[in-house]
Amino acid sequence: MDKPLTGAMRSDGQALSLKEYEDAGGYSALRKALKGMTPHEVLEEVKKSNLRGRGGAGFPTGLKWSFMPMGADVARPKYLVCNADEMEPGTFKDRLLLEGNPHLLLEGMVLSGFALDADIAYIFLRWEYRVAAERLERAIEEAYQSNYLGKNILGSGYSLDMRLHVSAGRYICGEETALLNALEGKRAVPRSKPPHPQVSGLWGKPTVVNNAETYCNVPHIIGNGADWYKGLSRTDEGGTKLYGVSGRVKRPGAWELPMGTTMRELLEEHGGGMRDGYKFRGALPGGASTDFILEEHLDVRMDFESMQKTGSRMGTGTMIVLDDKTCPVGMVLNLQTFFARESCGWCTPCREGLPWIVKMLDAIERGEGGMEDLEILQQQTRLLGPGNTFCALAPGAMEPLQSALKYFKADFEKHIRERRCPYKGGV
Amino acid sequence: MPTIYIDNKPYEVKDGQNLLHACLSLGFDIPYFCWHPAMNSVGACRQCAVKQFRDEKDTKGKIVMSCMTPAADGTRISIDDPEVKEFRACVIEWLMLNHPHDCPVCDEGGECHLQDMTVMTGHDYRRTRFRKRTHRNQDLGPFVNHEMNRCIQCYRCVRFYRDHAGGRDFDVFASHHHVYFGRQKDGTLENEFSGNLVEICPTGVFTDKSLKRHYTRKWDLQTAPSVCMHCGLGCNTIPGERYGTLRRILNRFNGEVNGYFLCDRGRYGYEFVNSSRRTRQPFIRNKESGKLVPASREESLEYLSSVLYFGAKVIGIGSPRASIEANFALRTLVGPERFFSFGERNLKMISSIIDALKNGPARSPSLREIADSDAVFVLGEDVTNTAPLLALALRQSVRQRPMERVEKFGIPLWNDSAVREGIQDEKGPLFIAGTHATKLDELATETYHGAPDDLARLGFAVAHELDPEAPAVTNPGEDVSSLARRIANALRNSRRPVVISGMSSGSEELVHAAANAAWALCRTGKDAGLCFIQNECNALGLGLMGGRSLDEAFSLMEKGETDTAIVLENDLYGNSESFLVDKFLDKCRHVIVIDHLPSKTTEKAGLILPACTFAESNGVFVNNEGRAQRFFRVFVPSDEIQDSWRWLGDAMKVSRHPVSWETDDDIIASVSREVPILNLKDVSPPAAFRVAGQKIPRQPHRYSGRTAMHADISVHEPKPPEDPDSALSFSMEGYEGMPPSPLLTRFWSPGWNSVQSVNKFQSEVGGPLRGGDPGKRLIEPAKGGAVSYFQGVPASFEPGSERLFIVPLYHIFGSDELSLLSPGIAERTPAPYIALSRKDADSLGIAGESGAEVAASGQSCRLPVKVDDSLPHGVVGLFAGSSPLRGIALPLWGRVRKTE
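Same order as they appear, the protein sequences are chains H and Z.
Residue 272 in the numbering used here sits at position 272 of the first sequence, with consecutive numbering throughout.
Residue 569 in the numbering used here sits at position 569 of the second sequence, with consecutive numbering throughout.
Be careful, since some hints might not be right.
Stated by the list, open to error - Listed next, the in silico BS3-like pairs over lysine-lysine satisfying Cα-Cα at most 30 angstroms (straight line):
no.	chain 1	residue 1	chain 2	residue 2
1	Z	K62	H	K359
2	H	K186	Z	K408
3	Z	K776	Z	K358
4	H	K309	Z	K60
In case anyone wonders, no lab produced these hints; they're calculated from the structure.
Could you put the whole structure together from the sequences, leaning on the hints where they help?
Structure representation (structure tokens):
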């Protein structure tokens with residue numbers, strides 16, 4: 001099985017050095033593109049590959065790029081930004097790439113920058129990723145020394161500067177426009193769209209923001225061609241995907257697998273199934289801001305299209321498993337506490353609604369809830385839905401809550417009836 | 001014109017608007033918080049949600065924020081859809097989760113946008129049972145009270161303070177439901193426009209601290225349309241009164257003048273009206289004791305009749321802060337030839353300004369037009385301190401050019417955060433030439449600091465650069481000529497350029513230079529604006545009325561051609577050197593002073609007549625634009641206080657003068673006849689004006705305690721006072737609908753109790769008031785004809801070998817004397833000082849902040865020294881305000897030496 005993203009990685013957890021990366025074919029795609037392709041051809045190849053954004057929303061990357069204004073008379077500098085602010089609870093896929101093969105990201109970004117005629121690139125990194133920061137810093141330095149970055153890259157006439165920016169540490173910075181505000185040194189508050197970043201992005205200039213994993217796919221698409229790339233997948237959506245499993249499974253972890261691997265294969269073959277004594281009750285398939293799926297959904301292929309059948313989303317493709325000895329109310333309370341704390345405070349529903357939800361869930365979990373709380377919670381999941389809030393944070397927060405209220409309603413009611421958490425003490 | 005469908009009915013709306021703006025303008029009630037007509041949309045509060053449908057067949061629709069959605073042709077929305085109504089009610093529910101519900105003890109109560117919007121959405125039942133989050137409040141100084149627990153996080157305050165007004169010491173801190181709006185630490189809000197937070201805030205977080213000390217609910221305030229008297233811009237205000245004291249000043253929207261905002265001097269400078277020092281009855285000097293003793297009205301009239309006999313040699317000294325009516329009454333009493341107005345230098349300047357505006361091709365722009373201009377050249381004015389709201393307008397003007405660029409990206413100009421993101425720090429052309437660095441310099445493309453003559457030379461050079469026929473500057477030097485070239489280019493390449501100068505620098509040449517620059521622009525085909533600033537509220541009005549200079553009055557007295565002077569609302573010691581005034585007043589046999597407060601001049605009077613302040617009288621001021629604006633009596637003055645013109649009318653009666661007036665309208669008819677340029681007849685509807693046979697009430701329909709408020713004096717409810725001077729009544733009875741805009745006593749509309757009710761009084765939300773904004777422009781530029789440039793380019797400034805050139809340094813808090821009687825303003829006023837450059841300080845041996853002795857025009861005093869390196873070599877700045885050197889006409893040569 002081809003593992004273009006992780007196949008070359010070392011087994012000791014150290015980063016590939018520049019030499020090791022080059023020996024494994026690294027930067028050959030960049031050479032190929034700079035020597036023999038036009039930016040437009042690179043863009044077309046990415047479009048053909050059907051690569052979809054790996055940040056969670058799955059927006060077609062080529063289409064996103066095609067909105068970037070091109071030509072001599074556009075505003076300069078144009079920016080390319082890597083979103084490596086991986087803060088989605090239960091998600092640790094980008095970290096694997098950043099720590100294990102930083103040059104792959106760099107090559108992907110230079111190729112993307114070439115396709116988009118970008119002048120300056122930023123990597124926006126999660127605050128806690130200290131190891132990744134060190135390794136990226138070193139990789140950028142090496143890339144400059146070998147002229148994979150800087151002026152006139154490999155004699156092609158194309159120039160790109162790159163900077164690493166380590167976030168001050170807020171979940172909202174993962175929202176691409178809040179990320180841009182944070183990069184500018186402003187409050188990390190999302191921006192309205194339109195205008196999209198391609199029109200008015202970083203410092204008001206044309207900007208494309210992609211997820212780290214997305215960029216890492218680009219060298220292989222260019223190196224091996226879109227058809228090869230599409231062939232890696234088990235579905236229409238091209239390539240491989242980093243999937244992960246956490247929770248009470250035997251072998252939690254992250255693995256590169258063909259796009260469209262089923263959840264059951266992920267859980268049972270790669271995650272090793274549930275730990276002894278625990279039963280599978282449900283899972284958040286793609287990070288904390290996706291709806292719960294149940295046992296009955298496990299045979300669905302994990303790609304952006306297929307996952308819609310479950311009423312949930314692919315998200316980041318990293319699954320958090322809920323077992324039968326963990327209180328679903330407590331789990332949802334934990335998540336909502338996170339989302340309420342990470343709200344930027346800009347729009348009313350998110351800023352005020354989430355803390356209210358937390359208070360209600362907390363009351364229920366402590367045995368102080370009322371049935372009317374469930375009604376209000378139900379209404380809140382609707383009113384904090386997409387379009388009602390400024391960005392996707394609160395609607396994302398509602399996904400686990402609304403599905404928990406649907407699938408685990410009996411648990412909520414039991415809490416209220418018994419005036420205690422049935423999962424705690426005396427069970 | 002796009003057509004939009006609201007609940008299936010078609011409506012025509014203006015191009016390029018968002019749905020909220022369009023719907024409000026159509027008269028629909030959509031609740032909102034973060035949106036503001038002067039600050040546009042950011043989509044934060046989510047209160048203005050409506051349901052949008054793809055097309056006629058779409059029945060499901062989706063919720064959108066009306067403030068963030070274009071009102072494009074064919075847009076279909078529902079305001080009444082049950083789902084969106086539920087959402088809007090829930091937005092209020094969310095905002096109310098932590099709100100203290102302390103309306104009964106909140107100063108905003110009864111005029112609170114949050115209350116209004118709560119009622120509008122129908123949210124009336126609290127479903128939460130949890131504890132509220134609380135905040136610590138800050139001491140923000142003398143103007144603004146802080147009560148953060150009431151905050152609903154609409155972000156308007158920070159957007160106004162930082163983005164609109166350029167303040168830096170106020171911000172939003174923390175995040176999620178802990179966001180906090182305030183200062184980094186307790187302390188006075190530094191921005192000159194901080195008081196607008198009171199009106200910008202939709203609830204009671206920021207309230208008027210001066211009101212708090214004598215608090216009254218909106219519904220208990222008697223109000224009338226008024227005009228600010230603390231600078232020459234003539235911002236429109238709504239003062240409110242209860243029990244004979246003025247309680248606060250609120251903004252009165254005028255689309256052409258102040259829009260939605262006031263400066264802090266205008267908002268908080270009113271307390272002199274309530275001063276315990278007010279002159280409340282006449283005083284006559286006792287012949288034996290030589291002391292001023294209280295006198296009755298009859299005794300005063302007797303005094304007047306004994307002094308104003310036929311053939312008496314009486315002169316009148318008018319005032320740039322008194323109304324047209326008062327000045328005209330004095331002029332009529334003494335005769336135009338014996339009517340005196342400004343000091344000589346100011347008279348020359350105001351005459352030049354009137355000449356420039358009347359006879360040249362450049363138009364004096366309104367503040368709105370200045371905010372819309374795309375290139376500005378400021379010549380010799382520190383506008384933040386001499387005409388504060390103009391500085392606010394200029395802060396918007398520098399955004400015009402970059403906004404054009406951003407609009408080309410397809411970003412609608414109402415999308416405020418996207419526009420600001422697109423603009424970043426880019427600023428349109430603004431050139432500031434002044435004697436010293438000013439606050440507005442931070443926005444300037446380039447600044448230039450020089451002595452007034454050098455500033456004038458730069459102005460002349462710009463004019464010559466634009467039009468070779470304008471007089472040239474000899475030996476301008478490379479720096480000045482290249483700067484002049486850059487300024488000329490920027491102005492030439494703009495669409496709506498404005499040149500700003502004024503009287504503050506005391507240089508007539510500056511006025512000429514500014515006029516030449518604007519005229520030269522007109523000659524290149526530009527519709528250039530020419531704006532002159534005056535420091536007093538009716539300086540232009542007095543200038544238009546004419547009158548001779550104070551210096552001439554002094555020499556008349558010297559020559560014995562007069563022995564009696566009537567001084568109207570004027571402290572001569574503030575306008576002339578004290579030894580000259582002393583000489584004049586000492587020689588005067590009879591000095592009659594009509595004023596509302598004691599001054600150094602009243603100390604020398606034989607008769608003092610107590611005059612109304614702006615709040616107790618009607619009158620017309622002509623602002624710097626040449627806009628005549630009428631202000632109305634807010635409350636009936638107590639004791640023997642009456643309008644200055646009525647005292648003068650009494651004087652005319654007792655002296656058997658042929659002219660007599662009964663009402664304000666009579667005197668307006670008289671002045672319109674006698675001084676054609678002051679045709680004030682249609683500035684506002686006359687006193688006889690009625691709507692449906694009714695007057696316009698000054699008291700709101702909810703005015704309380706009318707039968708009880710004077711019950712301690714008499715249980716019989718008195719008849720409300722008559723108002724023969726206007727169509728307004730001192731009562732709650734009268735026409736409750738929409739009167740003509742000059743007669744708007746308040747903004748209040750059913751369901752809209754807060755200041756935001758102004759929406760309902762505008763022809764389009766954010767646009768002019770229905771029937772047009774109040775005020776009448778008196779001066780329009782000459783059409784056609786040759787431009788006859790001002791000549792007389794001054795020689796460049798040469799620093800003196802022993803003397804220094806003293807220029808005035810104005811302060812928003814400190815340079816306006818009446819406002820100093822407000823405790824808050826007094827607290828913000830600096831102590832008198834002089835400033836000079838490091839180089840000059842060193843050569844005088846003045847180290848650090850030590851004091852120096854300043855001597856000029858025969859007077860001297862010791863003042864502390866500030867070093868300001870922006871002052872040119874040989875030029876020293878003197879605090880323009882209350883100091884022992886008050887009254888000397890700056891600029892002039894003087895001496896500064898180290899104090900021993």
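Evaluation of the provided hints:
{"no.": "1", "hint": "Z:K62 with H:K359", "verdict": "29 angstroms, holds"}
{"no.": "2", "hint": "H:K186 with Z:K408", "verdict": "25 angstroms, holds"}
{"no.": "3", "hint": "Z:K776 with Z:K358", "verdict": "15 angstroms, holds"}
{"no.": "4", "hint": "H:K309 with Z:K60", "verdict": "22 angstroms, holds"}
Hint check: no violations occur; every hint is consistent with the structure.
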